[in-house]
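Q: In case you want the letters, here they are:
Protein chains: 2
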Amino acid sequence: MTSEAERRRPGRPAGASDTRERILTSARGLFAQNGIDKTSIRAVAAAAGVDPALVHHYYGTKEQLFAAAIHVPIDPMEILRPLRDTPVENLGYTLPCVLLPLWDSEIGKGFIATIRSLLAGSEVGLLRSFLQEVIAVEVGARVDNPPGSGLIRVQFVASQLVGVVVARYIIELDPFKSLPVEQIAETIGPNLQRYLTGDLPF
Amino acid sequence: MTSEAERRRPGRPAGASDTRERILTSARGLFAQNGIDKTSIRAVAAAAGVDPALVHHYYGTKEQLFAAAIHVPIDPMEILRPLRDTPVENLGYTLPCVLLPLWDSEIGKGFIATIRSLLAGSEVGLLRSFLQEVIAVEVGARVDNPPGSGLIRVQFVASQLVGVVVARYIIELDPFKSLPVEQIAETIGPNLQRYLTGDLPF
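Chains A and B, in that order, give the protein sequences. Just so we're aligned: 37 in the numbering used here is position 43 of the first sequence, and the numbers increase by one with no gaps anywhere. Just so we're aligned: 25 in the numbering used here is position 31 of the second sequence, and the numbers increase by one with no gaps anywhere.
Check each hint, because a few of them may be wrong.
Any copy, or any two copies together, can satisfy a pair, since identical chains are not distinguished.
Straight-line C-alpha distance at most 20 Å; calculated DMTMM-like pairs for lysine to aspartate or glutamate [what the hints assert, rightly or not]:
| hint | residue 1 | residue 2 |
| --- | --- | --- |
| 1 | Lys32 | Glu57 |
| 2 | Lys56 | Glu117 |
| 3 | Lys171 | Glu127 |
| 4 | Lys171 | Asp12 |
| 5 | Lys103 | Glu83 |
| 6 | Lys32 | Asp168 |
| 7 | Lys171 | Glu117 |
| 8 | Lys103 | Glu180 |
| 9 | Lys32 | Asp45 |
| 10 | Lys32 | Asp138 |
| 11 | Lys32 | Glu166 |
| 12 | Lys56 | Asp193 |
| 13 | Lys56 | Glu15 |
| 14 | Lys32 | Asp193 |
| 15 | Lys56 | Glu132 |
| 16 | Lys32 | Asp79 |
| 17 | Lys171 | Asp79 |
If you are wondering where the hints come from, they were derived from the structure by calculation, not from laboratory data.
Excised from the complex, chain A in its bound form (with noise of 0.2 Å):
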């Protein structure tokens, strides 16, 4: 009879992919249930019976892990950052230019498949968290105009993105799946700048 050490392949700790695949499933849950502000990584290494500093050493920060979760090989904080640059009077305009190239890539297409089968199942809270939480607090707080308005127009905003990666992508329309990302751009853009800063009835 083989022992369980001799069966282990050398150099690698057994069941390491096990493990990582327990926290993001833990991840995931709790993403899902209690949002990303009130997901701790601490809760998360609870969930699936490890160490803390095991989740941040296969994951990284918590917004690494929630991007793990979601099935994006890239810190959101990466596309965030730069448009925190943008002044927000080309943010309508500059929203498309950023995401439709991302979501466009190889790397996008995880991406939508994610997306695809989370608004179908019960963890459609990964993404409620990640439009409320994420992008409420990086857009919505520069376009609070009147105060209490930001996170309005932020929805609005993205239900017309979540309405192209789903048109673009899911349903496939034609010719809407292979119009140049500029011309999607100039189309949405002035649409989307009216969402974050035009005058609306509220």
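Here the structure of chain A is known, so what remains is to put chain B in place on it, guided by the hints.
A: Okay, now just chain B, sitting in the frame of chain A:
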């Protein structure tokens, strides 16, 4: 031993509900694969192994069969007909005023549930057909200025409306999910109108 005939409930042909379900399944498959225009009642009947007259008897017109296939218990034409009487320059505002109360209603719940499962599954072609064939024909022809732009205009409108469905009913963004219909219509109306009749880069 009870004979087959004895087990049947009186006054109801055996297997009628099976047959209806089999027709719907065939219809969903063919509509998803070939679209609405290229799917005939005859083809659906053949796929289900029944007489075309039975399909008509159970489901009426092809449009009504399509509505049943996507679990909408009303004829889409009943919704679309009032839109025909709306001047093109008011469509941007009228569209959400007609659609949102429907989606918010009890009837809408089944429709949203269907959209949600279609988005995740292999029959997303049903949505594509509906948007490309029904909506494009109904609305696209009226906003085809410059010639050839009508279909693209309508697909941008679809991207915003689908985004509202996803944000309000599926992701359930808060407060977006509970904004009054009037506020959403006034906010997205001018943007939809720009897609329909505005000066766009195509």
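Q: Which of the stated hints cannot be reconciled with the structure, identified by number in ascending sequence?
A: 4, 5, 8, 10, 12, 14, 16, 17
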